[in-house]
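Peer 1: Spelled out, the chains give:
There are 2 protein chains.
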Amino acid sequence: MNSETKHINSAFDQDLDRLLTLLMAMGGQVENAISKSIQALQMSDLELAEQVIADDQRIDALQEEIHTAAVNCIAIRQPQASDLRMVIAVMRISDSLERSGDHAKNTAKRMPIITQHPHRQDKVASLCRFAKTTQTLLKNALDAFIQTDEGKARQVIAQDFDIDQMHGSLFREFVTYMLEDPTIVTPILHLLFVAKNVERIGDHATGIAEQCVYLITGRIPDDERQRHEDYAYLRDSIAG
Amino acid sequence: MNSETKHINSAFDQDLDRLLTLLMAMGGQVENAISKSIQALQMSDLELAEQVIADDQRIDALQEEIHTAAVNCIAIRQPQASDLRMVIAVMRISDSLERSGDHAKNTAKRMPIITQHPHRQDKVASLCRFAKTTQTLLKNALDAFIQTDEGKARQVIAQDFDIDQMHGSLFREFVTYMLEDPTIVTPILHLLFVAKNVERIGDHATGIAEQCVYLITGRIPDDERQRHEDYAYLRDSIAG
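As given, the protein sequences belong to chains A and B, one line each in that order.
If you use the numbering used here, the first sequence corresponds to residues 1 to 240, in order.
If you use the numbering used here, the second sequence corresponds to residues 1001 to 1240, in order.
The shape of chain A in the complex, shown without the other chains (with noise of 0.2 Å):
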């Protein structure tokens, strides 16, 4: 939070640093997973996969760590109006952030199938590419979050087409491998599912940064993302 917003050095304020502390701290950790659970795929790394794998129960920890003391926060401060919607929404993004944490360990255990295969090297550079553009989506909201600025949450939430679009692109490219050659249908699979768990790595991005403008603004934007949904079911129902 900016330093001008808040009331400074209640109790409350020092509870809710600690919880914003946390959130930073989880944010880091799940960046660092979906960032090496892609580098293990770009270098058929199997070992840092089983890393991606490990660290999990770490991102697991600071999300009950969160709960525990947003749940004493709200017993004890009794905090009410803004302040009690900013704690709901930090236990609601540390949901967010260990479901986009369980999406990176779901890739991960997949790379030992997707080894298996000898040509994947080109074939895995637009879902790189896919996985890096999210991952920063994923900053930027939590970053919106904690700086309160509704600009950057907006720039986030308007950015769910493109995911969407190249999420589209890349089950259009993985299907025609698959046609060309099915000997290789069953690594093919394993991308397309790590395709959508980086989407919904996106999915989660957009939901921080809606929680973000809700905060703000007391409403939550889903015209556009109803709007940009229904598009695409019209024009894109294949990819899912």
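Derived from the structure by calculation, the hints contain no laboratory data.
All C-beta atoms, glycine included, are put in the ideal place defined by N, C-alpha and C.
One should not assume that every hint holds.
As the list claims (entries may be wrong) - Computed, partial: chain A to chain B, Cβ under 10 Å: (1) V71; (2) I74; (3) Q78; (4) A81; (5) R85; (6) M91; (7) V124; (8) E173; (9) F174; (10) V175; (11) L179; (12) T186; (13) F193; (14) K196.
Given chain A, put chain B in place with the hints provided.
Peer 2: Below, chain B alone, put in the same frame as chain A:
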């Protein structure tokens, strides 16, 4: 909640009753969405699929209503300890239900592509059985929560492993269809993503059951889940 366990007639109890009534209504609508999406798949009924997509807005509206009521209840009644945890659990369960509804909607959105495939009827039988099992699991998880029934919640958690196994079998079945006939790759891919949606609904059911055990015992029963997951990874990493 059992009538024995609550302090009768307090303003908090009235709020909680209203929250639980809303949660049950939401659960009913989500079960309905899952049930209709399966029926649409079985019967190739595009109209029913459209209805599932349209009805999702009502589920989203109920989630918003629950969140608003929960935040107001916390702000006005300032519940402590187990009462506070209960209200927060209702919010988190409504999030899980909303996501389960989204998975049913996503299944419905894939129908126009899936119905283009003429010989799909025999291919969706196992998928429909899988979906019905998962739908029952979600219903049982919600019942366990409403009835504060730890035994029922643990039964749901124990079935998480079966859900993973059923999903693994479906994955293999669908891959063989693709290998036998590459012309049906696209519709089968969508059936694979439907299976993934169903599996995720199962994950939400498990999550709700875990919330329930946590409320009753004060501990999240994550040990069993972790063990199953690790085992699944070694034995069956293909199914993701």
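Peer 1: Which hint numbers does the structure go against, in order from smallest to largest?
Peer 2: 7 and 8
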